[in-house]
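K.L.:
Listed here are the chains, written in short residue letters.
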Amino acid sequence: MLIRPKAGILDPQGEAVMRALPALGFEGVSDVHVGRLVELTVDDAGQIEPMCEKLLANPLVEDYEIVLAGD
Amino acid sequence: MKFGVLRFPGTCDEVDALLAARRVGDAELLWHGERDLRGADAIVVPGGFSYGDYLRAGAIARFSPVMESVIAFAREGGLVLGICNGFQVLCEARLLPGALLPNANLRFTFRQVALEVAEGETAFTNACEDARLSIPAKHSWGRYYADEQTLATMRANAQVVLCYAPGENFNGSVQDIAGVRNERGNVFGLMPHPEHAVDELTGSADGLCIFASMRLAVEGAHLGTGAHV
Chain A
1 MLIRPKAGIL DPQGEAVMRA LPALGFEGVS DVHVGRLVEL TVDDAGQIEP MCEKLLANPL
61 VEDYEIVLAG D
Chain B
1 MKFGVLRFPG TCDEVDALLA ARRVGDAELL WHGERDLRGA DAIVVPGGFS YGDYLRAGAI
61 ARFSPVMESV IAFAREGGLV LGICNGFQVL CEARLLPGAL LPNANLRFTF RQVALEVAEG
121 ETAFTNACED ARLSIPAKHS WGRYYADEQT LATMRANAQV VLCYAPGENF NGSVQDIAGV
181 RNERGNVFGL MPHPEHAVDE LTGSADGLCI FASMRLAVEG AHLGTGAHV
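Protein chains in written order, with our numbering: chain A, 1 to 71; chain B, 1 to 229.
If you're looking for bench data, these hints aren't it; they were derived computationally from the structure. Careful, some of the hints might be misleading.
[Claimed, not checked] Pulled a few chain B residues facing chain A out of the computed Cβ check, cut under 10 Å: (1) Glu92; (2) Gly98; (3) Leu101; (4) Pro102; (5) Leu106; (6) Phe110; (7) Ala114; (8) Tyr145; (9) Asp147.
[Said to hold, decoys possible] In silico lysine-lysine, DSBU-like type, Cα no more than 35 Å apart, as pairs: (10) A:Lys6 x A:Lys54; (11) A:Lys54 x B:Lys138; (12) B:Lys138 x B:Lys2; (13) A:Lys54 x B:Lys2; (14) A:Lys6 x B:Lys2.
We put the beta carbon where it would ideally sit given N, CA and C, even for glycine.
Starting from the given sequences, assemble the full structure and let the hints guide the process.
P.N.:
Encoded structure:
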């Protein structure tokens with residue numbers, strides 16, 4: 001699961017990283033956001049969305065994306 | 001009048017909360033693994049780092065056995081106060097609207113803050129004589145956020161109880177919000193720590209009125225006046 005701050009909500013971590021990159025010589029960087037990655041093995045992939053809704057993400061302030069990696 | 005003060009692994013402000021509550025009534029600690037609230041008339045969810053703040057502050061604590069009882073207690077109209085991490089737990093439990101996000105300055109910040117009492121006729125502020133309180137705040141995840149529609153509903157229902165005074169909003173909270181209550185008015189959460197400001201010896205006793213208000217509300221309810229609960 002990739003969990004990100006919802007668009008439009010201030011993301012001070014992303015902004016701090018965006019300010020740091022040009023200082024290291026990386027130009028042309030914009031829209032930096034810092035989120036979380038949760039990896040897990042699960043028997044029933046149908047459980048992942050309710051897991052995100054109930055615990056892994058806070059849907060009021062975070063968006064999540066489910067990436068399945070075969071078996 | 002008895003307060004029940006929760007203690008999770010990682011809680012650190014439960015003793016100050018207990019001692020503050022004892023200045024206005026009886027109080028005892030309730031361990032996170034227990035479901036029995038031991039006849040408490042009001043619950044305090046104190047500050048700290050419950051379950052290590054893993055995942056998100058309050059995210060795991062909100063599913064603890066004691067919280068199941070607290071959620072049921074709140075739904076029956078019982079008074080629940082959440083301070084700092086306790087506020088985060090109550091938001092995660094959806095007993096309060098909105099969420100707490102990392103401070104805009106990305107730093108753990110500890111300072112005395114001036115607060116304005118936006119709603120003085122609540123179960124948590126009815127004994128506050130001054131419209132301005134000086135209380136310490138110390139946190140890194142204190143930026144209150146709710147979307148515009150939620151904020152409009154909260155304003156219409158007088159749910160914004162405490163605000164940072166002008167120039168005091170160090171964490172970047174939306175609309176300078178420092179403390180909110182639920183629509184029914186029996187659950188209240190704030191980021192600053194009233195339990196650390198109950199004696200002039202430590203610089204301010206302004207926090208005591210929050211606990212005194214709860215006592216007044218509980219005793220009013222027992223007398224059948226239903227005062228502000």
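K.L.:
If a hint holds in the structure, say so; if it does not, say that too.
P.N.:
Hint-by-hint comparison with the structure:
1. A distance limit of 10 Å between C-beta atoms decides the matter here; for Glu92 (chain B) the minimum to chain A is near 7 Å, and the interface restraint holds.
2. Given hint, Gly98 (chain B) at the interface with chain A, holds; its Cβ is 7 Å from that chain's nearest Cβ, closer than 10 Å.
3. The restraint placing Leu101 (chain B) at the interface with chain A holds, with a minimum CB-CB distance near 6 Å, inside the 10 Å limit.
4. A distance limit of 10 Å between C-beta atoms decides the matter here; for Pro102 (chain B) the minimum to chain A is near 6 Å, and the interface restraint holds.
5. With a cut of 10 Å, the hint placing Leu106 (chain B) at the interface with chain A holds, because the nearest CB-to-CB distance is about 5 Å.
6. The closest approach between the C-beta of Phe110 (chain B) and any C-beta of chain A is roughly 18 Å, which is over the 10 Å cut-off, so the hint fails.
7. Here the hint on Ala114 (chain B) is broken, as its CB sits about 23 Å from the closest CB of chain A, past 10 Å.
8. With a least beta-carbon distance of about 6 Å to chain A, the hint placing Tyr145 (chain B) at the interface is held under the 10 Å criterion.
9. For Asp147 (chain B), the interface hint holds, the least distance from its beta-carbon to any beta-carbon of chain A being 8 Å, beneath 10 Å.
10. A C-alpha spacing of about 17 Å is found between Lys6 (chain A) and Lys54 (chain A), which places the hinted pair at or below 35 Å, so the restraint holds.
11. At most 35 Å may separate the alpha-carbon atoms for a hinted pair to count; Lys54 (chain A) and Lys138 (chain B) meet this at roughly 28 Å.
12. Between Lys138 (chain B) and Lys2 (chain B) the CA atoms are separated by roughly 27 Å; this keeps the pair inside 35 Å, and the hint holds.
13. For the given pair, Lys54 (chain A) sits about 32 Å from Lys2 (chain B) by alpha-carbon distance, which is consistent with the 35 Å threshold.
14. Distance restraint check for Lys6 (chain A) and Lys2 (chain B): the Cα-Cα separation of roughly 41 Å exceeds the 35 Å cut-off, and the hinted pair is therefore not satisfied.
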